[in-house]
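Asks: Residues 15 to 514 in my numbering are what the first sequence lists, from first letter to last.
The hints are simulated quantities; they were obtained by calculation from the structure and are not laboratory data.
Treat the hints with caution; some may be incorrect.
Each computed BS3-like pair below joins lysine-lysine, with the alpha-carbon atoms no more than 27 Å apart [as the list claims (entries may be wrong)]:
| id | residue 1 | residue 2 |
| --- | --- | --- |
| 1 | K33 | K122 |
| 2 | K85 | K33 |
| 3 | K121 | K90 |
| 4 | K121 | K33 |
| 5 | K85 | K134 |
| 6 | K134 | K95 |
| 7 | K122 | K25 |
| 8 | K90 | K163 |
| 9 | K95 | K121 |
| 10 | K155 | K95 |
| 11 | K390 | K370 |
| 12 | K121 | K134 |
| 13 | K155 | K85 |
| 14 | K163 | K33 |
| 15 | K155 | K90 |
Remember, predicted model here, so these are calculated numbers, not experimental data.
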Amino acid sequence: MSNDKQPDENKLIAERRGKLDALRAEGNAYPNDFRRNAVAEELHQTFESHDNEALHEESVEVSVSGRMMVKRVMGKASFVKLQDRTGQIQLRLERDRLPEGVYQAFKKWDVGDIVGATGKLFRTQTGELTVMADVVRLLTKSLRPLPEKFHGLSDQETRYRQRYVDLIINESSRNVFRMRSQIITYMRSFLEAADFLEVETPMMQVTPGGALARPFTTHHNALDMQLYLRIAPELNLKRLIVGGFERVYEINRNFRNEGVSTQHNPEFTMLEAYRAYADYNDWMDMTEAMLHGMTEAILGTTRVNYQGDEYDFGQPFRRITVEEAIAAYNPNLDMSRIRERDYLVEICTKLDIAVKDGDGPGKLQTDIFDATCEDKLREPIFITHYPTEVSPLSRANDTDPFVTDRFELFITGREIANGFSELNDPETQAARFRAQAEYREAGDDEAMAYDHDYIRALEYGMPPTAGIGVGVDRLVMLLTDSPSIRDVLLFPHMRPEVFD
RNA sequence: GGGGCGUUAGCUCAGAGGUAGAGCAUUCGGCUUUUAACCGACUGGUCGUAGGUUCGAUCCCUACACGCCCCA
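Generate the whole structure from the sequences, applying the supplied hints.
Replies: What follows is the structure, encoded as structure tokens:
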């Protein structure tokens, strides 16, 4: 056993391996017959108002277990703190209360070991609820020392690569992931309450669609064919609307073959939801209601602190069009010419935005919006009416077909959600796909592929529908005040570690 | 892809062209109500990797790796 050495072995680990060898010699070093009947937080709550005298009279015996995070030996008695999933509970060990030899053995145990104990509750002189151990057992030997007790673990790389250590040490990190779970649970309950059906659609697709992005490719050996990891579930979810489910949603991973940054991870989580007989205005209302309710339920307030600034999720969010936003942040522009390609090219040149031959006025408008408006949209705001040219799956506006009935929600200068009334005219959709195919041939590898089956589905008739996508990771970042997406992903993508 | 910063003991961090430092942890001893427990003694290093400059490099230079941040 002990010769299966890890490459980063050191003296501290060697000492613990020696202790493990001794445990093996004595019997089962990894027992699984200890059962607890209480967890820390529950005990603190239940006995919050019980003083030492009351506890003595009640004579409450409990069994607890967890990781030993503190070990203070004072001669013939010791204090220990065990950390379980709810918090920490203190033990007191006295040599003369424990069976012969147990206390001597305990002295060899290390901080980080998993320990179980049974005994009566009491309060120490300073009032801390504590278990006076009559039984104490080492349940799992920890071979690796934990980070230093005061400063903890702050090295970012180790926190991401060895998330298990981060979670052991950093309460704040545990809280981020608890809150992430609550946020997703809230989304589910919000949508379930509105009679949405949760579905799961393929991660591996023959034709990647539903977004403008570069896909990951993979290969199916038995069928000898190329497959793509999905960049969005959109087209499949709308097939389900055609199928008659009318209200569906999926919370799951998308994969995009792009750079890694504080805002981007190659795989990330999206909520996508589609609702028949609704339009993009209905979804703006629902999104507002969901975020309002979510912040209240999870944070207890609709005021969200993010990186030193406060954002109000309680008020109705402003709604302005892309062109209004461009006008607001570029006061010198001649808005009467804002759809003229020549004029837009001129502006882009001034702004140092690269213009490609195939870029029409809609694309150029969007580029100008991205460059001059996006990062200034701090308070929650819906930007509406994105150009049809850059919205191949959105329904064109009835009175102004240059734009679509689409919105994006921005908060802290970041895109949080994207929704629109769906294009359900199969012939128009086919034409939009053809246009995308031309962009692709012109060299745009983010352009959409023509999806024949999706057109066929629309030909059966998709009821008037609107949908939304919400970037779950970015929302979690906002509500947990996390500066990087890696802080809200349990195992963020990292370059492989070299073990030499 | 470009730029900036970083990489020293298990962890958190100092350091200076001339024998590598602290605190915590570990090891040993003491201590029966501690709270970063305390007291005493000891131990622990390929200074990210590879080259170069130099009498001498962990320090200066170059490249590379990994990470963090900013930009595209």
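Asks: A separate judgement is required for each hint: does it hold in the structure or not?
Replies: Against the structure, the hints come out as follows:
With a C-alpha separation of about 8 Å, the suggested pair K33 and K122 falls inside the 27 Å cut-off, and the hint holds. Among the hinted pairs, K85 with K33 is consistent with the structure: their alpha-carbon atoms are about 17 Å apart, no more than 27 Å. Restraint check for K121 and K90: the C-alpha separation of about 10 Å stays at or below 27 Å, so the hint holds. Using a Cα cut-off of 27 Å, the hinted pair K121 and K33 holds, with the two alpha carbons roughly 12 Å apart.
Our distance criterion of 27 Å between C-alpha atoms is met by K85 and K134, whose separation comes to about 19 Å. Annotation: proposed proximity of K134 to K95 holds, straight-line Cα distance about 15 Å (limit 27 Å). Of the supplied pair hints, the one linking K122 and K25 holds, its CA atoms being roughly 16 Å apart against a limit of 27 Å. For the hint linking K90 to K163, the alpha-carbon distance of about 23 Å falls within 27 Å, and the restraint holds.
The suggested pairing of K95 with K121 holds, with an alpha-carbon distance near 14 Å, which does not exceed 27 Å. Among the hinted pairs, K155 with K95 is consistent with the structure: their alpha-carbon atoms are about 16 Å apart, no more than 27 Å. Using a Cα cut-off of 27 Å, the hinted pair K390 and K370 holds, with the two alpha carbons roughly 26 Å apart. Restraint check: the Cα-Cα separation between K121 and K134 comes to about 21 Å, which is no more than 27 Å; the hinted pair holds.
Simply put, K155 and K85 have alpha-carbon atoms about 15 Å apart, close enough for the 27 Å limit, and the pair holds. For the hint linking K163 to K33, the alpha-carbon distance of about 22 Å falls within 27 Å, and the restraint holds. This hinted pair checks out: K155 and K90 have alpha carbons roughly 23 Å apart, not beyond 27 Å.
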